[in-house]
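Participant: Sequence:
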Amino acid sequence: MKRVLFAPGFACTSEIWSGLSIGGIEPLYVRWESSLETVSVARAALENDVVESEPDVYVGHSLGGLLLLELLIAEKIPSRPTLIIDAFLDDPADMFKNYVWEDDKLRGTVVRMLDAQRPLFVPLRRSIGEWTRSGWPEAAIETGAHFVYGGRGGTEEEVLEALMWPQQARKQITILPKTSHFLMMEAPKETSTLIELLLGK
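Read in order, the letters of the sequence shown correspond to residues 1246 to 1446 in our numbering.
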């Protein structure tokens, strides 16, 4: 049975993964502790989680994805098949700044989760605002990770243009239409399929 590590975004809980349906895996859910007051401390905690659990596949959403990429770039964790979900390698274009595309019920679920969690992570949020990543986006792309982004009502070409990636790297990107930042909740079946591809299913 393969082990899949799921690293959530800032102020997110493992609730965001609950809609996924992937048979024959042992899911390993990273939990952000309120004691993680800086990006460097959060990165070290994630590194420790990876080293202790020895996953076969990494899945990272937003902040979780960016931290996984930093660890891969620095060779702090072993190279593994990796899926990065709606994590932006530089400042995102305006079209990417909405959370949930069009599901009001899901939007309410996300807002309640974030409202409950954000007060616990004020120092970490401040640290994220000061975070710089040297050599990006090229260094992150060169990890070989696969990236998936919400389409947010745009065409695939519009989303790819807004990401501003090098043309040759676009093969590493999947766009899921009618989804936004929480696409694993908005399109759990399609997200599960992407993870299964990394598992060789």
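Worth flagging that the hints you see were computed from the coordinates, not collected in a lab.
Possibly wrong hints are sitting among the right ones.
Unchecked claim - Mimicking DSS-like on lysine-lysine, the simulated pairs with C-alpha atoms at most 27 Å apart in a straight line are:
#1 1446 with 1247
#2 1247 with 1434
#3 1446 with 1423
#4 1342 with 1423
What the hints assert, rightly or not - Ranges of calculated distance between the beta carbons of each label pair, as one might list FRET restraints:
#5 1401 with 1339: 16 to 26 Å
#6 1280 with 1377: 33 to 43 Å
#7 1357 with 1381: 28 to 38 Å
Note that beta-carbon positions come from the ideal geometry of N, C-alpha and C, so glycine has one too.
Participant: Each of the hints needs a verdict: does it hold here or not?
Facilitator: Each hint, compared with the structure:
no. : hint                       : result
1   : 1446 with 1247             : 11 Å, holds
2   : 1247 with 1434             : 19 Å, holds
3   : 1446 with 1423             : 25 Å, holds
4   : 1342 with 1423             : 14 Å, holds
5   : 1401 with 1339: 16 to 26 Å : 18 Å, holds
6   : 1280 with 1377: 33 to 43 Å : 23 Å, violated
7   : 1357 with 1381: 28 to 38 Å : 32 Å, holds
The structure fails hint 6 only (numbered hints given earlier).
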